[in-house]
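If you want the building blocks of each chain, they are given just below.
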Amino acid sequence: MTEENINPRLGIVVSGSVDKGTEVRLDSSASVEDMVVGRYVTIEGRQRRFFGMITDISLGVTDSELTVAPPREVDSFLSEVLSGTATYATLHVLPMLTMGIEGSEPVKTVPSHFSTVNLASDTDMELIFGEEDETRFNVGNPLDMETKLCLDLPEFVKRSNGIFGKSGTGKTFLTRILLIGMLQKSKAVNLIFDMHNEYGWEGSTEEGQRKVKALKQLFPDQVAVFTLDEENSRRRGVSTDFVVRIGYDEIEPEDIVLLRQTLNLTEPAVEAVYQLHRRFRGEWIERTLALQDSDEIPEGLNIHESTLKNLQRGLQTIRRLPFIQPHVPTNAVRTMLEYLDRGMNIVLEFGRYRDITAYMLVANMLARRIYAQYQERMERAMGEGLAQPNPLVITIEEAHKFLNREVASQAIFGTIAREMRKYNVSLLVIDQRPSGIDEEVMSQMGTKITCLLDNERDIDSVLAGVAGKNELKSVLSRLAPKRQALIFGHAVPMPVAFQPLEYGSAESYKRFMPAGDTGQRAQKDIEELWN
Amino acid sequence: MTESTERVGEVIEASTTQFVAECYELYQPPPLGSLVQVGDAGEELLGVVYYATTASLEPGRRPIARGKDEASEEAVYQASPQLEKLLRSEFSALVVGHAEGGKLLQYLPARPARIHSFVYRCPPESVRDFSTSFDFLSLLLSTALPVSVEELVAATLRQMSEAHEDSRVFLVGAGKELATLLSGEYGRLRAILERIVPPK
Ligand SMILES: Nc1ncnc2c1ncn2[C@@H]1O[C@H](COP(=O)(O)OP(=O)(O)O)[C@@H](O)[C@H]1O
Ligand SMILES: [Mg+2]
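Protein sequences, first through last, are from chains Y and F. Letter by letter, the first sequence follows residues 1 to 531 in this note's numbering. Letter by letter, the second sequence follows residues 532 to 731 in this note's numbering.
Rather than coming from a laboratory, the hints here were simulated on the basis of the structure. As the structure is a computational prediction, the values presented were derived from the model and not from experiment. Hints are supplied without guarantee of correctness; some may be wrong.
Stated by the list, open to error - Once the Cα atoms are required to be at most 20 Å apart in a straight line, the calculated SDA-like pairs of lysine to any residue come out as:
id, chain 1, residue 1, chain 2, residue 2
1, F, Lys707, Y, Lys158
2, Y, Lys473, Y, Lys510
3, Y, Lys20, Y, Arg49
4, F, Lys707, Y, Asp27
5, F, Lys707, Y, Lys473
6, F, Lys707, F, Ser664
7, F, Lys707, Y, Arg421
8, F, Lys707, Y, Ser167
9, F, Lys707, Y, Glu376
10, F, Lys707, Y, Pro71
11, F, Lys707, Y, Ala69
12, Y, Lys211, Y, Lys422
13, Y, Lys158, Y, Lys422
14, Y, Lys158, Y, Arg418
15, F, Lys731, Y, Lys20
16, Y, Lys482, Y, Ser167
17, F, Lys707, Y, Gln47
18, F, Lys707, F, Leu676
19, F, Lys731, F, Gln690
20, F, Lys707, Y, Thr90
21, F, Lys707, Y, Glu80
22, Y, Lys422, Y, Leu337
23, Y, Lys422, Y, Glu440
24, F, Lys731, Y, Ala30
25, Y, Lys158, Y, Arg421
26, F, Lys707, Y, Thr85
27, Y, Lys108, Y, Lys158
28, F, Lys707, F, Val678
29, F, Lys731, F, Gly704
30, F, Lys707, Y, Glu439
31, F, Lys731, Y, Ile12
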């Protein structure tokens, strides 16, 4: 072992509990200013080795007198003597794993008194976060470490997952990285409802200068871009595969009910939707909009004039969306399923139609129908021993609009989140306001990745139910405003704060390509891509 | 015992925790806080000088003022040479350790010193050896003495630091030990530390 490989000793355990973690007295030789919240340490207990995270650092004095009459000069003899003795630093360390012969497991005890605490080395970290392989994908590095943080993606996609963080913290960039990983290593296909046109074809960085490539440019054979706004896509030079149109006749009452809030519909108006649909069937939207006043409301329907007006205003908003048309030749859902069955990943661009009404309407409609298909096929597959459809991960943004307490019980996304992949479909939700998401849905998420959040309620909702919540809170609130995140849950053995890989430079694209993929043609394509 | 070892007096009173010695030379007690030893090499007792006096030989008889008509203090002694015989200097040392079979131990010996034992000042190398451990500090700190314990501890450490090549390192180490021993007694700690600030 060389000099650098020797673990720097930090101190010893002086007290602790399973619940609250351990207090570590910092050696006077270690500088308190070198300690950072979020760093990993190992604790050499008598019988086992613990792995934990520094979650707080505090200064203490043995005698409160000291704070009243402190030494006059900072670097005087007096302060040199006092530091580490009468004045000392303690680290609060949250033990997270114990390392046994059969690998790591969650902590159920505390290290004994005076166990030595060391900074975790890269080798230690590798033991826990693993190396890249067939299924493990490198998403970044634990903060201040060289070690790779690798996620087991087939495990990851078994549950619904969430990416959180306030605006501009790196959610989109992180999602791109995860999507690239998933399409290489998860054996699942992705359907991405791409509200801001960022995932299929190049979007721009926040500063608006550098363009960053997206999935289809990097993996043209595996990714198809569908668009709702052909003209916009064409102008941006996107090579699209399919233009999605939705017919009036395809819109069902459930699709409208979910838009109740965004369309400002009253309770009776929602009631009326069902009645009108029962009466007019596929033509219900056109026929409803054609009604001049309450006199024209067909016999037997109990709808007030004001209710009708309210509903009509809402339906007008929908009808104004250019991709909604009276009649549509090709069914978007069927086309999507064909692509997904072939193992193609679909990015659906919204073009200029970025308002939440359009986004929710389309995402809900398509997801509901696709999910129904999956459900049917899974049931058949199980009953008749047929092949199951490819596991599907649906990515949605502004998730709190779909998954808030009022609609989560009715909306398709709530069902998917709750059913935990019963029908081979899971979600990847991206949101900047997680407190708006239904608690039950949040609790069903397997893995959560969160960038910086500053609203107390958002932080609470993301960390609800996690062991060491208060400690993680302090780690979370200290993340850098960009490109740093905390991940915890199913896909990682313990929570870890990390820096996502850099995304957007030529080298970054190269790194994301599968290792074996250096064939002549691929190489040439890649070269063109970043020249 | 080396040649350079300086004999400074003779034990005239002894107990488990301390001994009193009479100086061979008037006004020549070892400095406050210095380390002295009595007894045979390898089995010696070690003490820290904590107190010294000079007084009339005969108890109860105080010297009288004699210098009114003399030009200088020196002249007083020259005029009355018998004075040197009527006065004596004594010093007291607190036992801080002893040797057993040549091994230095920083706790009280089984028996006190013998009367008429010779008292030597420890040479720098013994001081250095002794002060590699700070266990004696707790002995010093826990004793009730006619001088302030803080003064004595500070004087002792200053004396000892002279035997060390890097006196600052020594004093910082000693200071840290004190900080632990006096946790919760910052006032006392500070009183000592302020008296041992090493020269820059
Ligand atoms: N992994 C990353 N690599 C490079 N730059 C990043 C990364 N993550 C975030 N950034 C920077 O932060 C900015 C905001 O990230 P973005 O993903 O758009 O935030 P959000 O989606 O949370 O609003 C980006 O424009 C980029 O400059
Ligand atoms: Mg974004």
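> Does the alpha-carbon distance linking Lys422/Y and Leu337/Y stay inside the 20 Å limit?
Replying inline: holds (18 Å)
>> Tell me if the straight-line CA distance from Lys707/F to Asp27/Y falls inside 20 Å.
In response: holds (13 Å)
> Is Lys731/F within 20 Å of Gln690/F, Cα to Cα?
Replying inline: Roughly 17 Å between the alpha carbons, so the hint for Lys731/F and Gln690/F holds.
>> For Lys707/F and Ser664/F, compute the direct alpha-carbon distance and say whether it is at most 20 Å.
In response: holds (12 Å)
> Holds or violated: are the alpha carbons of Lys473/Y and Lys510/Y at most 20 Å from each other?
Replying inline: Distance ~35 Å between Lys473/Y and Lys510/Y Cα, so the pair is violated.
> Are Lys707/F and Glu80/Y close enough, with their CA atoms no more than 20 Å apart?
Replying inline: holds (9 Å)
> Lys731/F and Ala30/Y: Cα distance at most 20 Å?
Replying inline: It is violated: about 25 Å lies between the C-alpha atoms, which goes past 20 Å.
> Are the Cα positions of Lys707/F and Ala69/Y separated by 20 Å at most?
Replying inline: Holds. Lys707/F to Ala69/Y sits at ~18 Å (cutoff 20 Å).
> Is the straight-line distance between the alpha-carbon of Lys158/Y and that of Arg421/Y 20 Å or less?
Replying inline: The hint holds at about 7 Å.
> Is the Cα-Cα distance between Lys422/Y and Glu440/Y 20 Å or less?
Replying inline: holds (17 Å)
> When you check the alpha-carbon spacing of Lys731/F and Ile12/Y, does it fall within 20 Å?
Replying inline: Between Lys731/F and Ile12/Y the Cα gap is close to 33 Å, so the pair fails against 20 Å, i.e. violated.
> Going straight from one Cα to the other, do Lys158/Y and Arg418/Y come out at no more than 20 Å?
Replying inline: Roughly 13 Å separates the two Cα atoms, so the pair holds.
In this structure, the earlier hints numbered 1, 2, 5, 7, 8, 9, 12, 15, 17, 18, 24, 27, 28, 30, 31 are contradicted, and the remaining ones agree with it.
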